[in-house]
Each structure stands twice: as C-alpha cells, then as structure tokens.
Amino acid sequence: MSETILSVRNLRVVFPHRHGVLVPIDEISFDVKKGEIIGFVGESGAGKSMTGAAIIGLIDPPGYIERGEIWLKEERIDQLGISAANRIRGRRISMVFQDPLTSLNPLRTIGDQLVETILTHLPVSADEAKRKAIAGLEEVDIDPERFNAYPHEFSGGMRQRVVIALALSAEPELIIADEPTTALDVSVQAQVLELLKKLCREHGASVILITHDMGVIAETTDRVAVLYAGRLAEIGDTQTLLRDPQHPYTKGLIASTPSVEYGDISTELFQITGAMPRLDALPDGCAFHPRCGQALAHCATKRPHIERNRVACWLYNDV
Amino acid sequence: MLLIILRRLGQSVFVLFLVAFVSFMMFRYVGNPVDNLLGQEATVEQREALIEALGLNDPLHTQYLGFVTRALQFDFGNSYRGAQPVADMILERLPATLELALVSALFAMLFGVIAGVYTAIFRNGFSAHLIMSTSLIGVSLPTFLIGVLLIWLFAVELGWLPSFGRGETVQIGFWSTSLLTVSGLKSMVLPAITLGLYQMTLIMRLVRAEMLEILRQDFIRFARARGLPERVVYFGHALKNTLVPVITVAGLQLGSIVAFAIITETVFQWPGVGLMFINAVFFVDIPVMSAYLLLVGTLFVVINLIVDLLYLAIDPRIRDSQLKRQST
Amino acid sequence: MSAKKSLMGRFRESDFLYDFKRSPVTVVSFVIVVMLILLAVFADLVAPTNPFDAGSLNLMNGFTPPMQPNAFTGETFYLGTDDQGRDLLSAIIFGLRVSLFVGLTAVILAMVLGVSLGLIAGYRGGWVDSLIMRAADIQVTFPSILIAMLIFGIARGLLPPHMRDELAITVLIIAIGLSEWVPFARTVRGTTMVEKEKEYVQAARLIGLGSGQIMVRHILPNVLSPVLVIATITLALAIIAEATLSFLGVGAPPTEPSLGTLIRIGQDFLFSGEWWILLFPAATLLALALSVNLLGDWLRDILNPRLK
Numbered sequence: 004m005s006e007t008i009l010s011v012r013n014l015r016v017v018f019p020h021r022h023g024v025l026v027p028i029d030e031i032s033f034d035v036k037k038g039e040i041i042g043f044v045g046e047s048g049a050g051k052s053m054t055g056a057a058i059i060g061l062i063d064p065p066g067y068i069e070r071g072e073i074w075l076k077e078e079r080i081d082q083l084g085i086s087a088a089n090r091i092r093g094r095r096i097s098m099v100f101q102d103p104l105t106s107l108n109p110l111r112t113i114g115d116q117l118v119e120t121i122l123t124h125l126p127v128s129a130d131e132a133k134r135k136a137i138a139g140l141e142e143v144d145i146d147p148e149r150f151n152a153y154p155h156e157f158s159g160g161m162r163q164r165v166v167i168a169l170a171l172s173a174e175p176e177l178i179i180a181d182e183p184t185t186a187l188d189v190s191v192q193a194q195v196l197e198l199l200k201k202l203c204r205e206h207g208a209s210v211i212l213i214t215h216d217m218g219v220i221a222e223t224t225d226r227v228a229v230l231y232a233g234r235l236a237e238i239g240d241t242q243t244l245l246r247d248p249q250h251p252y253t254k255g256l257i258a259s260t261p262s263v264e265y266g267d268i269s270t271e272l273f274q275i276t277g278a279m280p281r282l283d284a285l286p287d288g289c290a291f292h293p294r295c296g297q298a299l300a301h302c303a304t305k306r307p308h309i310e311r312n313r314v315a316c317w318l319y320n321d322v
Numbered sequence: 018m019l020l021i022i023l024r025r026l027g028q029s030v031f032v033l034f035l036v037a038f039v040s041f042m043m044f045r046y047v048g049n050p051v052d053n054l055l056g057q058e059a060t061v062e063q064r065e066a067l068i069e070a071l072g073l074n075d076p077l078h079t080q081y082l083g084f085v086t087r088a089l090q091f092d093f094g095n096s097y098r099g100a101q102p103v104a105d106m107i108l109e110r111l112p113a114t115l116e117l118a119l120v121s122a123l124f125a126m127l128f129g130v131i132a133g134v135y136t137a138i139f140r141n142g143f144s145a146h147l148i149m150s151t152s153l154i155g156v157s158l159p160t161f162l163i164g165v166l167l168i169w170l171f172a173v174e175l176g177w178l179p180s181f182g183r184g185e186t187v188q189i190g191f192w193s194t195s196l197l198t199v200s201g202l203k204s205m206v207l208p209a210i211t212l213g214l215y216q217m218t219l220i221m222r223l224v225r226a227e228m229l230e231i232l233r234q235d236f237i238r239f240a241r242a243r244g245l246p247e248r249v250v251y252f253g254h255a256l257k258n259t260l261v262p263v264i265t266v267a268g269l270q271l272g273s274i275v276a277f278a279i280i281t282e283t284v285f286q287w288p289g290v291g292l293m294f295i296n297a298v299f300f301v302d303i304p305v306m307s308a309y310l311l312l313v314g315t316l317f318v319v320i321n322l323i324v325d326l327l328y329l330a331i332d333p334r335i336r337d338s339q340l341k342r343q344s345t
Numbered sequence: 009m010s011a012k013k014s015l016m017g018r019f020r021e022s023d024f025l026y027d028f029k030r031s032p033v034t035v036v037s038f039v040i041v042v043m044l045i046l047l048a049v050f051a052d053l054v055a056p057t058n059p060f061d062a063g064s065l066n067l068m069n070g071f072t073p074p075m076q077p078n079a080f081t082g083e084t085f086y087l088g089t090d091d092q093g094r095d096l097l098s099a100i101i102f103g104l105r106v107s108l109f110v111g112l113t114a115v116i117l118a119m120v121l122g123v124s125l126g127l128i129a130g131y132r133g134g135w136v137d138s139l140i141m142r143a144a145d146i147q148v149t150f151p152s153i154l155i156a157m158l159i160f161g162i163a164r165g166l167l168p169p170h171m172r173d174e175l176a177i178t179v180l181i182i183a184i185g186l187s188e189w190v191p192f193a194r195t196v197r198g199t200t201m202v203e204k205e206k207e208y209v210q211a212a213r214l215i216g217l218g219s220g221q222i223m224v225r226h227i228l229p230n231v232l233s234p235v236l237v238i239a240t241i242t243l244a245l246a247i248i249a250e251a252t253l254s255f256l257g258v259g260a261p262p263t264e265p266s267l268g269t270l271i272r273i274g275q276d277f278l279f280s281g282e283w284w285i286l287l288f289p290a291a292t293l294l295a296l297a298l299s300v301n302l303l304g305d306w307l308r309d310i311l312n313p314r315l316k
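Protein chains in written order, with my numbering: chain A, 4 to 322; chain B, 18 to 345; chain C, 9 to 316.
It cannot be assumed that every hint is accurate.
Okay, derived cross-link-like pairs now, DMTMM-like style, lysine to aspartate or glutamate, Cα gap no bigger than 25 Å in a straight line [to be verified]:
#1 LYS135/A with GLU185/B
#2 LYS203/B with ASP173/C
#3 LYS257/B with ASP283/A
#4 LYS76/A with GLU46/A
Residues on chain A that point at chain B, a partial pick, calculated with CB under 7 Å [what the hints assert, rightly or not]:
#5 LYS76
#6 ARG79
#7 GLN82
Label-pair ranges, simulated between beta-carbon atoms [claimed, not checked]:
#8 SER138/C with GLU205/A: 44 to 52 Å
#9 ASN151/A with ARG225/C: 53 to 61 Å
#10 PRO109/A with PRO246/B: 19 to 27 Å
#11 GLY176/B with ASN151/A: 25 to 33 Å
#12 GLY134/C with ALA193/A: 29 to 37 Å
#13 LYS305/A with LEU232/C: 54 to 62 Å
#14 ALA129/A with GLY176/B: 43 to 51 Å
#15 HIS20/A with VAL42/C: 45 to 53 Å
#16 ASP188/A with PHE38/B: 39 to 47 Å
#17 ASN58/C with GLY176/B: 34 to 42 Å
#18 ALA129/A with LYS257/B: 51 to 59 Å
#19 ARG149/A with LEU329/B: 15 to 23 Å
In short, the hints are calculated from the structure, not lab data. These figures come from a predicted structure and were not determined experimentally. Think of the CB as a built atom: it goes at the ideal place given N, C-alpha and C, for glycine as much as any other residue.
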C-alpha cells in the first residue's frame, strides 16, 4: 500500500445561522493515498465543495470546522493560522476552481500570475521563476509566446489549462479540482480532464476530483466517495463501486447516468424521486430515507455510519 | 488605438464648442455690453461707433467665430467692474485655485483610498463601523459648513491655523505659489481639508464598495488557494481591480473640486478664480462669468478625456473590446 | 400588472410600516423632519417674534447670549439675538420656512421636468431620446451647484437691477430645479422603455388611446416609487444647494433670510465670540439635511433595492 498523503477524520463543518446552525459537512472521514485520484460525487449542496474548502482552509465565514481533524502527512492542518496555512496552500495543496473565466485576475498577465505564485513558494530567482513558468505553460500546451497575454485573450479551455499550470507551479502533493470541467464546452471537457490526469501522474500528485458527473468519475478516478446531504454515503474503489453499488442512493445515481456505450437509448433513465433535503430541514436518522425505496423502520430514527465496510446504510450494517 | 483616441478627442472638441457657445450667448445677450462699457449718458454716435467696433452688427456666426478665436488667444474682453482684462485677472488668480484644488485632491485620494481599503478589509471591526457612520454625517454636511466649523475650532477657539487668505507667496515666473512658505502651508491646511473632505468620503465609500465586491470574486479565492500572502491578495490583486472604476469617479471628482473651490474660496477669502466668479455673479459681471465658464468647461472636458484614456491604459479588456469594435 | 395596483396596496405589500418601526434611526429622522416642517408652516404662530418686523426690533437687545437676560433691557431669549437685536429662534424658524419652501418647490420643478422629459425620451425613442439624454450626459459632467450658480447669474443678468432682490427666491428655485432634473429623467426613461413593450401598453395602444394618455395613465404609475426615492434624496441636495448659494450671497436676499443667509451673517461674529449666531442656524440646517438624507437612504433600501 502506498503512503497516505491526506487523512480526514470525523470532519464536521457548521454555519451559525439566525435560527440555529447548518451542518454542511457532518462526520466525514476518508484518506487520500499518494498518486491516486479520488472522486467526490453528489448533488449540489451535498458538501463536496465544502470539503475541498475545509481541506485548504478557505471556508467562508461565519462557517468553521467544529470537530474533526485533517492531517497532511504528519502535520495537522485544520487549525492553522493564516501564515502557516499559506505555506501549505499552493505549495503542498492547491486548487482548481470551476469557472476558469473568473479564476484569473483579469488585469494581470498569465505569466505574471504564474511567476508570482512560484516566487511565493519556491526559493528561486526571478529568472528561474520565469523559466519554470514557461515550462509550466508548455506542459499544459500553451504557447510560451503568450506569456504576456491577459486572461481574456484565451478561450475557456485554454484558461482552465493556465489554471492547472498555476495549480501545479509549486509542485504540490495534492490538487483539489472543484468541478474543473463543468463550465467548459463538452468537447474540451475530456481534453482538460485527460491533461489533469496525465500531469498529476507525471508529478506524482494526488487529486481530489469534485464532480456531479458519474461519467467523469468512471473515466478519471481510482476511488470514489459518494456524498449525500453533507454525509458520506459510500466510498470505495471506483471499478467495484460502479459494478456493485450498495447504497440505494449510489444505485440511483448510477442508474440515472446515461450510458452511451451501449447505444441503449430506448430505456428510460432512472430518476430518484424527490429532492435532497435542505440543510435546515434534515430528517432524523438516515438523511436519504424519505427518498429511499428500501427504507427500513429504524432508518427514520437511527443514523447509519460507515464502520468496517464501505457504506453508511442499515441494509448492510447491524443495528 | 490611435483611432479610438482621435474619436474621443473629436467628442471632446464638440463639447468644448458647445460650452463656448453657451459662454458666447451669455457674453453677447445677457446684460448689455454697450451700456456697461459706456454708461447710460453716452450719445447715439458713441454707441453706434462702439457697436461697430465690437462687431455687434455682424452675423451671429461671425461673432461666434470671433469670440472663439479671441478666447483661443486668451482674450476674454474686459471686466465690467474695474475694466481690467479678464485674462489678466484669471492669470493672476488661477495659481491659487489650482494649488488648492491639487492639495485637496491629493488629500481626498490618499485618505479616501486608505480609509476605503481599511473599512473593506476589516469590514466587521469597530473602527470600520465608526468610520462608516461618521462618513454619513460628512456627506450631509455642506462644504461651507465644514469650512465654517473648522475655522471656529482651529482658528478661533484653538488659534492654531489662519482662517483666511493664502499667507505669504513666492513668485516663480507668472506663478505665485504659497506652497514654499510656512505661513502659506499653514493657510493651506483648513481650506484643503474643507474642500477635500466631501470627495474623500465619496472616494472612501466607493473604494469600500468596489473592494468588497472584488473580494467576493473567484480569482481572489484562487489567489488565496495558491497560498499568496494576504498582503499580496489585498494589494496585488484586489486593489488594482478596485481602482479601475475608482479612477473614473475620482477623476470626475477632481473637476468638482475645482467647482466646489468657489465655496471654499469664499469661506476662507482665498484669492482664487472661484472667489472672482462668485463676485462676478453677485455684480452681474458677464465677461468674467463667461470666461470662467469657458475655463472650467475646458478643464472638465480635458479631465474627462484623461480619465477615459487612463481607463484604456489600465484595463486590457476595455482596450481590446474597443479595438474589436473599431475593426468590425 | 403593477399599473393597476393602488399606492395603498403597494404600501402594505412592501411591509412599509413594519420596516419603518424596526429602524429607530428612521423614526427619529422622520419625527425631526415632520417637526421642522410643522415649525416652518406655522412659523407665524410658533415664533416668539416676527423677525422681519423692523419696528419690533430693539438695537439695545443686540448680541444677547442664549438664556441670559440682556444687560440693558433684561429681556431673555432662548437662543440669544443677533447684532440687530433680532430673536435668533424666530429668525431660524422663518429661515427654515424659506429653506424648506425653496427646497421643496425646486424638487417639484426638477421632478416635473425630469419625469416629463424621461417619459418622452423613453416613449418616443429615436432622435428625441438621443437629444434629451445627450443633454443630460453633458449636464451631469458639471456639478449641479455650478449649474445652479450659472443659471442664477444669467437670470440676474437678464433681470433689471431693481427686480433682482425681489425675484431672488424665484430665480433660486428655478436655478436649483433646473440643475437637478437629470436623475429623474434617467430613471423614468429606463422604466418607460421597459414598460412600453409590455402587453398592456400595446393593448392600450390598440384600443386607440393617445400617447399622452398612455404615458400618464399606464406608464407613470410604474415609476412612482423610484421617483419618490430620488425626490427625497434630491430634497436633501436642494436644501444644501440653497443654503450654499445663500451662504455665498447669491441666493436668498437679506430681506428674506434662509438658514444659509443666517449662517453667512453668523460667520461675521465668530471671531468676536458670539458663537450662537452661527451655531444654532448651522445645527438646524445639519439636522434637516441629515434627517432627509437618512429618510432617503431608508426609502431607497425599502422601495428599490436595485438603486443601491
């Protein structure tokens, strides 16, 4: 087994609110191994992006980590001060956001933003930083001639590649990619994902890939975690999980993803009835039970946890 | 690029001609130049001769052209009061106004931006709230009242600073400056604060609002996620983007500073063109009013032009979108 | 849809009263404004003396400090007297009347002008629209106080000298009114352009209503709440503009002093220690301007979150 880079234990994030607290992340635990790509999948509001924000320490106030621990190798990183956090952000963990159109400062050239990041984290001279920046652009197939171009002069796909170059510029161990292709044209989505995958393999960086798209999960990730209403529903090896989903929610998600390979357009797509509950109206017990076709009596009262197996569901756990 | 600048210049020249036209109409039709120059007892022959000499019988466009030509040569006729050439009066008083306006503008910009950035960064802090509430009173306080209250406090009660005039001046060529003597600098303090305070609150509120808006943007999140220090995030990334819209407003405010100088100059008996203008309004000294309008109008148009060009220089997006519009 | 909605309906719908009671600052501002307006309206009844009645003035009473009996006559004045022995409280109440009258009428003038031009520009479009809006663009390049001074100066030049003081107040109203129409016109034009494309306006046109009728009966009701907001904010501006012009000596004449005129007079006595002649009119002006401003801010937040 390769070493564990990131370890998240019983993470709970809360947002104080006029009528109490919202809990967008509740008791989530998982590990990320060196070099692996782990997918986080779920509907919007399930807590995928919030988990990413928690790891990199950028939860918007008034939200905060109430319980749990986040370990980056030997270092605990969930309670760091701002300057300690800045030694990790970008340097050891970096992030790629959803919308490349707004991720880059429109008033500064891409080269400038690359050099700035490199100089912040690596002990190199300005010339050396520029060389590294150019090398980074070449890696993501951007013409180094365009070092002095402004973000608006690039297409969306190219900008996302610039963002990836920025994320990789200080050789981080972990990249959190939050819906990195959702805002892009379908035709360039696969291209950008492939690039991200290839570069991370080459650099030996691990990736947390946040997405709502089961297709992306299937094609890109080694392992996958399914989130529902801020809780971990199921986690496991991607191939196994796709072939043999256990949690009724995972089954629903997979069944509702169109599968083009079989050319089987006649069967209607499965729909999970109802909608994910709002965070201020979570049901007791299992958060999924009102929508679950196989709900048992105690699903409404007792909350299931992931124990020795890979799924948080009473169908597979003893009460 | 050159085309954009040229087109923008064209617009400015058009507005200038418009301003000149208003000044001309005022000069020509408000009040009666002949009565004012000769007095009521002049004979008919004298009047006819003067009307001929002034060209008042010529067609309107000829008169207008003559007016513009003379204005371009800095000839605005003589003041009705004292019969002094208006151009000389302006030249004598302009340095006082420009120095005052410049110092106030610098004061307003400097403190406005600092206070705006401060209140945006520490938006929930006590002092930020205090600054914001005080600024609301500042906006409601008319300029002249600020001046009067400052005089009362610092000149009358505390006796620290002079309450009127420019203090000692030093003559450099035609320019008389009060920035090089101690008494001149002391005299500058109260008028400059009076004139700059309102603009300062405006700039502060604008900077704060813009900065808060920018700080919510994705690229700021991304800058933080890259581990850039807060200082770099605020000043390297947020501030520059904040300043783009601020420059426009601040530039236009510079124009208003020159106009509001009328009020400050009256309160502090500051011997500038504003005081000259208000006296002209009071005594219906039309040539002086018309020349002042022309002067301030030109200043406004030039400032607007500079602001626009500056905008082009700072924001590459605007530059390119305008270029694209040109080429299609 | 909102064309048919009555003002009262909108009043209840916007939780107007609820929001009002929840904001103590607004309630205080409102009370101050109402009190000042009542003072101004009933000046003749409320003021201890008539400051314009030269016969009632006693020069012996000059420079009496507030709440202290005069050294010669033994009379006491709440806020003291000025150099002429005029009761300052009465002068302020009558000055308030002039200030409010000029402010309100100037705003009404600006409103009528701006709303009409905005309606015409938005409804007609084309070159009429371009002409009106370009004029507005050019005018807002210049600060409105400068425009008001110029209009005032031109009007003085056009009037024969003996009528200048007599008509000073009227000229002042026109000058301030003409300098503040642009915000009204811009807002109304925007709303008009949106509304005129709606079905009910098209329908009204089909059944043959004239454009004047459509503008007044169908489009005008839609612009009422933004216009109300702008009017309140403009009122604060107009009051300050009037005070400024009068302070500079190019506004209300000494025979009909406004708060600005009183402050101008008071400034002369600052150095000799008669602070009350300046400070009480100044405090009144500040209370008025600040309260109207706060009310305007609040109205804008309640009625038009977009205008922020």
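Hint-by-hint comparison with the structure:
{"no.": "1", "hint": "LYS135/A with GLU185/B", "in the structure": "violated (60 Å)"}
{"no.": "2", "hint": "LYS203/B with ASP173/C", "in the structure": "violated (38 Å)"}
{"no.": "3", "hint": "LYS257/B with ASP283/A", "in the structure": "violated (39 Å)"}
{"no.": "4", "hint": "LYS76/A with GLU46/A", "in the structure": "violated (30 Å)"}
{"no.": "5", "hint": "LYS76", "in the structure": "violated (17 Å)"}
{"no.": "6", "hint": "ARG79", "in the structure": "violated (18 Å)"}
{"no.": "7", "hint": "GLN82", "in the structure": "violated (17 Å)"}
{"no.": "8", "hint": "SER138/C with GLU205/A: 44 to 52 Å", "in the structure": "violated (60 Å)"}
{"no.": "9", "hint": "ASN151/A with ARG225/C: 53 to 61 Å", "in the structure": "holds (60 Å)"}
{"no.": "10", "hint": "PRO109/A with PRO246/B: 19 to 27 Å", "in the structure": "holds (21 Å)"}
{"no.": "11", "hint": "GLY176/B with ASN151/A: 25 to 33 Å", "in the structure": "violated (59 Å)"}
{"no.": "12", "hint": "GLY134/C with ALA193/A: 29 to 37 Å", "in the structure": "violated (51 Å)"}
{"no.": "13", "hint": "LYS305/A with LEU232/C: 54 to 62 Å", "in the structure": "holds (58 Å)"}
{"no.": "14", "hint": "ALA129/A with GLY176/B: 43 to 51 Å", "in the structure": "violated (55 Å)"}
{"no.": "15", "hint": "HIS20/A with VAL42/C: 45 to 53 Å", "in the structure": "violated (39 Å)"}
{"no.": "16", "hint": "ASP188/A with PHE38/B: 39 to 47 Å", "in the structure": "violated (54 Å)"}
{"no.": "17", "hint": "ASN58/C with GLY176/B: 34 to 42 Å", "in the structure": "holds (39 Å)"}
{"no.": "18", "hint": "ALA129/A with LYS257/B: 51 to 59 Å", "in the structure": "violated (20 Å)"}
{"no.": "19", "hint": "ARG149/A with LEU329/B: 15 to 23 Å", "in the structure": "holds (22 Å)"}
Taken one by one, the earlier hints fail for this structure at numbers 1, 2, 3, 4, 5, 6, 7, 8, 11, 12, 14, 15, 16, 18, listed in ascending order.
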